[in-house]
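Colleague: Spelled out, the chains give:
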Amino acid sequence: MNAQAPQTPLMTVAGISKAFGRNTVLKNVSFSLAAGEVLALVGENGAGKSTLMNILSGNLSYDGGEIELEAEPYRPAGPAEAVRRGIAIAHQETAIMPDLTVAENIYFRREPRNRFGFLRQRRMHGDAAALLAELGFAIDPHRFGRTLSAAERQMVEISRALVQAPRILVLDEPTASLSAHAADTVLQLMKTLKARGTSVIFISHRLSEVMDAADRVVVLKDGEMTLEATRGTFDRDDLIQAMVGRKLSNIFPTRPDLDASDVMLSIEKAHNSALPPISLTVRRGEILGIAGLEGQGQKPLAEALCGARPFAGGTVRLDGEPVRLNSTAAAIAAGIASIPDDRKHEGLALGLSIRINMSLFAISDASRFGLPLAREREFGEVARKRFSIRSTDLEQPVGELSGGNQQKVVFARWLARRPKLLVLHEPTKGIDVQSKSEIYHLVNELTQQGVSVILISSDLLELIGLSDRILTLYENKVTGQIERADFSEEKIMRLSAGIVAEQLEREGAEHA
Amino acid sequence: MLEGSFKFNVLLTLPALVLTILLAVVTGALSPNFVTETNLANLATRLLPLGLVALGEAMVLFAGRIDLSVGSIFSLSTAIVALTSDTLGWYAIPVTLVIGIACGLFNAAGINLFRINPLVMGLATAAIVKGVTLLILPSPGGEVNYELYDALFGSERLLAMPLFLTIGAYAALVVIMGWTRFGRSIYAFGSDQRAAFVNGVSAWKVDLAVYGVSGFFAAAAGIAVSIKILSGDPLIGEAYTLDAVSAAILGGVALQGGRGSLIGVLLATISLVLVNNAFNLLDLDTNFQNIAKGLIFVLALVFFMRGKAGEA
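Read top to bottom, the protein sequences are chains A and S.
When we follow the numbering used here, the leftmost residue of the first sequence carries the number 8, and every step to the right adds one.
When we follow the numbering used here, the leftmost residue of the second sequence carries the number 1071, and every step to the right adds one.
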């Protein structure tokens, strides 16, 4: 395969850098891309992948270095110029107009017109049907944008990029919201494009995909390129090492063995309008990972547990006692602490100081009629040290802190209530590795004090590294359970794609 | 021809079509004076100003915005025509239209450049324009060149200038909205601003276009009325703002943007004119008319209410 890739570079990126104010987000990144080559761009959140992609797609300019496209300097003034030069992008955050049909979305601003300049609607829908069929996407072009699932939106987004007939197609996490089958379709598509001589740059968090599809890989960490390698010269461990800058074993704590009998939380056939009956148990001190593609019931589950959207029936027992989680206040009173996936909107008052954010309904044994400032300060200082929150002082507004430090404030606030169960929803999204590791160790420490944790995450490394047991959700139902000894990315992915456990075992038996 | 979102938008006009036919049949059955040349010509004369204001308002609503200043621009236009048509003659018309467009651009600038909420911006512009109008024409008066009246309303028949102008304006914009990339961009912007922007639609161009068009048609409607009453009236346009929004909603245009067809807006305008006509023909209290119009507006909003985000 490697031998087939043409040798003349279509694009060369030579030492480019980019800074926002004093914050350097890309430092001296260099790589080249040949025609018909598939390049994977890998890195953690905040590593600079998006910045690099936005530079290529003309949304951002670059400060230093030089990009050449077909031996001409490439410095697009905007997305339109990027498209003219042959670079099209399919964003992860799709831009689908809800009131336009699939065909109208795909051909938006490139609609076929008759000689009077009027749109040819019928022809366009026909073209779209043919295009979608060719790409292997089973979507009716007459459907409206608002009826599409996340996966279908992604497919429409990719189709739209391809209509621009690009020399280089940039795919931003194209498979993040796709089931295993749909992801295979996209990977197959990349191979088809490659065969036609179109180059592909794709961003992915799924290392198995990178290993499978990429001719070349570029790994970014904190804006710097930590690895550039061609197919066959790298393996998974090299990628992980380059992504996080150290071995996985140093990021995640070592989990102790658990007493299997001591149940902290048991949910039996609990359900509400968003969630069909679900049953699960979490042992004392256990970290239960919940895996699944985007939107498979994780949010309803988290919301039900924290009382925001309560269960309508079924039983929930916490520490042996039946509890009714009818409101957020009831959940808090029962001993459930919840850290939502969206810190900016659900957890913190960004304009207020660290001290006030920590004491907001945090200190349960405080005076009923207000909290003495001195106690707030004392509590705040202790927490700031314990959680190693990096800030100038306690009075700094939370909005000025980095994502990781904001998250630590949220933790500090909840832990002051000594919860029995901690529900974490994407706890490290957009957080640097150092803070991540600190949070992981903190969670581990808590479980040793008997706190149980439900960890809902889309980050497979995090789930595998931290959980004692993983449940997979698909279409709001539990499709499987994996014990620590059997953890693997592939297994989680397959169960997450709705392939039930029995089927997986059967397949395993056939292979053996 | 009818395919995709365009087809869907035309389907949204069905309720307005049914309502129009129903009102025409009921009024016709109740009053022998309904189907007479005089009454039909009268209907067309009334259709022209409301039709034009509603047309401009619908364009703004397609883009997910709203223009609450159309009534004031309407009044201002009657005042300008009344004060200038003696000296300027025919030229009073383009001058007034340009001023109408300028008011629209003022709205666009506030909303787009200074990020002022469209509702609030419309109210502010309305207050400013109303103030200016009352300064130049404190009470109804002025005079309009009779030649203009003759040209526009001279023939008192159904198939005459008022109807032709209304149909012509709608036809032109139906084509632009349904069959051009520009129209598609306005729908896209109203449907999801961010998505449209990412796909290369310029918010500034959309705002300029829709508010410019809205100002233009509000002015055109004011011109028509001032010619009809041969004078200016600084407060005559007040009621037109609500009627215009009401007609657009009744015609199937989504208040949130991105949906609806001008065909429905025209039908809904005809319905509102018919309601008015029925009240007159049947000799009912005009206060009931306002109540009826308000209720129709609320019912239309409920009827076309868009479900929660994400529903099919």
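Keep in mind the hints are simulated off the structure, nothing from the lab.
Keep in mind the model is a prediction, meaning the values are calculated, not measured.
Incorrect hints may appear among the rest.
Across the chosen pairs, the derived CB separations fall in these ranges [as the list claims (entries may be wrong)]:
1) A:S156 / S:K1275: 45 to 53 Å
2) S:L1369 / A:A319: 29 to 37 Å
3) S:E1217 / A:F125: 47 to 55 Å
4) S:G1270 / A:F123: 19 to 27 Å
5) A:G252 / S:R1185: 35 to 43 Å
6) S:L1081 / A:P283: 30 to 38 Å
7) S:L1092 / A:H188: 16 to 24 Å
8) A:R122 / S:P1164: 26 to 34 Å
9) A:G358 / S:V1368: 54 to 62 Å
10) A:T240 / S:G1270: 45 to 53 Å
Every residue gets a Cβ at the ideal spot worked out from N, C-alpha and C, and that includes glycine.
Colleague: Take the hints in turn and mark each one as holding or not.
Modeller: Here's how the hints hold up against the structure:
1. A:S156 / S:K1275: 45 to 53 Å: violated (32 Å)
2. S:L1369 / A:A319: 29 to 37 Å: holds (33 Å)
3. S:E1217 / A:F125: 47 to 55 Å: violated (38 Å)
4. S:G1270 / A:F123: 19 to 27 Å: Distance hint for G1270 (chain S), F123 (chain A) holds at roughly 23 Å.
5. A:G252 / S:R1185: 35 to 43 Å: holds (41 Å)
6. S:L1081 / A:P283: 30 to 38 Å: For L1081 (chain S) and P283 (chain A) the Cβ distance comes to about 34 Å; the hint holds.
7. S:L1092 / A:H188: 16 to 24 Å: Hint violated: Cβ distance 51 Å, outside 16 to 24 Å.
8. A:R122 / S:P1164: 26 to 34 Å: holds (32 Å)
9. A:G358 / S:V1368: 54 to 62 Å: violated (39 Å)
10. A:T240 / S:G1270: 45 to 53 Å: Taking Cβ atoms as reference, T240 (chain A) and G1270 (chain S) lie about 39 Å apart, which means the hint is violated.
Comparing the model with each numbered hint stated earlier shows that hints 1, 3, 7, 9 and 10 do not hold.
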